[in-house]
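Undergrad: Given next are the chains, with one letter for each unit.
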Amino acid sequence: MILTTDIRDAATIVIAIFGGVFFLVGTIGILRLPDFYSRTHAATKCDTIGAGSLLLALAVFNGLEASTWKILALVALVLLNGPTIGHALARAAHRTGLDPWHAEEG
Amino acid sequence: MKKALVAALLIIISIPMLIAVAAMPPHGDADSPVHTHVSARYIEHGEEEAGAENLVTGVLLNYRGLDTAGEVIVIFTALMAAFAVLITHPGRGEESGPTTAALDPEPGTEPESDSKAPPPISPVVSFMVRLLTPFTTLFAIYVILNGHVTPGGGFQGGAILGGMFIALTIVLGEDKVRTLLPRRAAPWMQGAAVFAFVAIGVIGAATTGYFLGYPTDASLHLVRELMMVVIEIGIGLGGAAIFATIFLQMEAE
Numbered sequence: 825m826i827l828t829t830d831i832r833d834a835a836t837i838v839i840a841i842f843g844g845v846f847f848l849v850g851t852i853g854i855l856r857l858p859d860f861y862s863r864t865h866a867a868t869k870c871d872t873i874g875a876g877s878l879l880l881a882l883a884v885f886n887g888l889e890a891s892t893w894k895i896l897a898l899v900a901l902v903l904l905n906g907p908t909i910g911h912a913l914a915r916a917a918h919r920t921g922l923d924p925w926h927a928e929e930g
Numbered sequence: 027m028k029k030a031l032v033a034a035l036l037i038i039i040s041i042p043m044l045i046a047v048a049a050m051p052p053h054g055d056a057d058s059p060v061h062t063h064v065s066a067r068y069i070e071h072g073e074e075e076a077g078a079e080n081l082v083t084g085v086l087l088n089y090r091g092l093d094t095a096g097e098v099i100v101i102f103t104a105l106m107a108a109f110a111v112l113i114t115h116p117g118r119g120e121e122s123g124p125t126t127a128a129l130d131p132e133p134g135t136e137p138e139s140d141s142k143a144p145p146p147i148s149p150v151v152s153f154m155v156r157l158l159t160p161f162t163t164l165f166a167i168y169v170i171l172n173g174h175v176t177p178g179g180g181f182q183g184g185a186i187l188g189g190m191f192i193a194l195t196i197v198l199g200e201d202k203v204r205t206l207l208p209r210r211a212a213p214w215m216q217g218a219a220v221f222a223f224v225a226i227g228v229i230g231a232a233t234t235g236y237f238l239g240y241p242t243d244a245s246l247h248l249v250r251e252l253m254m255v256v257i258e259i260g261i262g263l264g265g266a267a268i269f270a271t272i273f274l275q276m277e278a279e
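Taken in order, these protein sequences are the chains called B and Y. Heads up: the first sequence begins at 825 in this note's numbering, then just goes up one per residue. Heads up: the second sequence begins at 27 in this note's numbering, then just goes up one per residue.
Rather than coming from a laboratory, the hints here were simulated on the basis of the structure. These figures come from a predicted structure and were not determined experimentally. Ideal Cβ placement from N, Cα and C applies to all residues, glycine included. The reader is advised that the hints may include incorrect statements.
Per label pair, the in silico range of CB-to-CB distance [stated by the list, open to error]:
#1 Asp859(B) x Lys202(Y): 31 to 39 Å
#2 Thr851(B) x Ala108(Y): 34 to 42 Å
#3 Ser891(B) x Met27(Y): 52 to 60 Å
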């Protein structure tokens, strides 16, 4: 019994840290990347993998409860919505003629 | 210079605010006004008196029912005000309600004329919106109908419905979505919240003697819940219709 909770806690910690790392990297990306497209790319990572992993960690931590299924539904929504929003933003920017950033030559 | 002025102004404004915050009773203080006035009664007797397990709904629809009715009328008036600003040429007035429809000489003559080719919709976004629409609708209905038990209610559910309507309009185009909000029914839908409040209020007045009075007898709690649910549905549909119409109107301009 104690062993299973230990394993569950360990899995929770690992998944949560994984999500936290994605949030950290994504935030650095939003602050440091040069233009709209690359920043959108970074922000989408946070919203999708970061938030998804944190929710998954919560679901694991929660165990088999009714509320766990709600969390899993949220995970599914986040995984579906994040990329869609990133795609829509980048597409809208492209259609309105925003040029991507290029490294300066010379 | 300008920055210095802004900084000085911010500091001057923030000082009284910070003082006011410091003078507020500490969090969880049992003697603060929040805890010594009506809320104790709401928490103790709210469920049996107001008939809603969710205390927020009990306060919104029962204890402060008149206040919420006024709020709903304010939202409806805001729609009117928005239309007064948005409708700049009379040919588009027919979808806005009886007041402007009366000014419109020939309804339905212009709508299809200005089809400036819209940019193609991304297949990804289109698929996602169509995939999620049934779930969103279900969730909105759940939030509206379950408002007296769990957090939620007409305002929140109506916002979800309205947002879904806007997403569908973007993806499917106005013509298909229009069937959800027919021009003839639109004014009634926009006023649904006000109508529901007035109807329930009058029923309450007829049965208990007070406008928006609910039956207090314990055996009638189902009736009371039904009355609340009717108001919640009215608020939800009305809110959604108002969001949708403002969006359609802005899109048409």
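Undergrad: Hints broken by the structure, by number, lowest first?
TA: Per hint list: zero violations.
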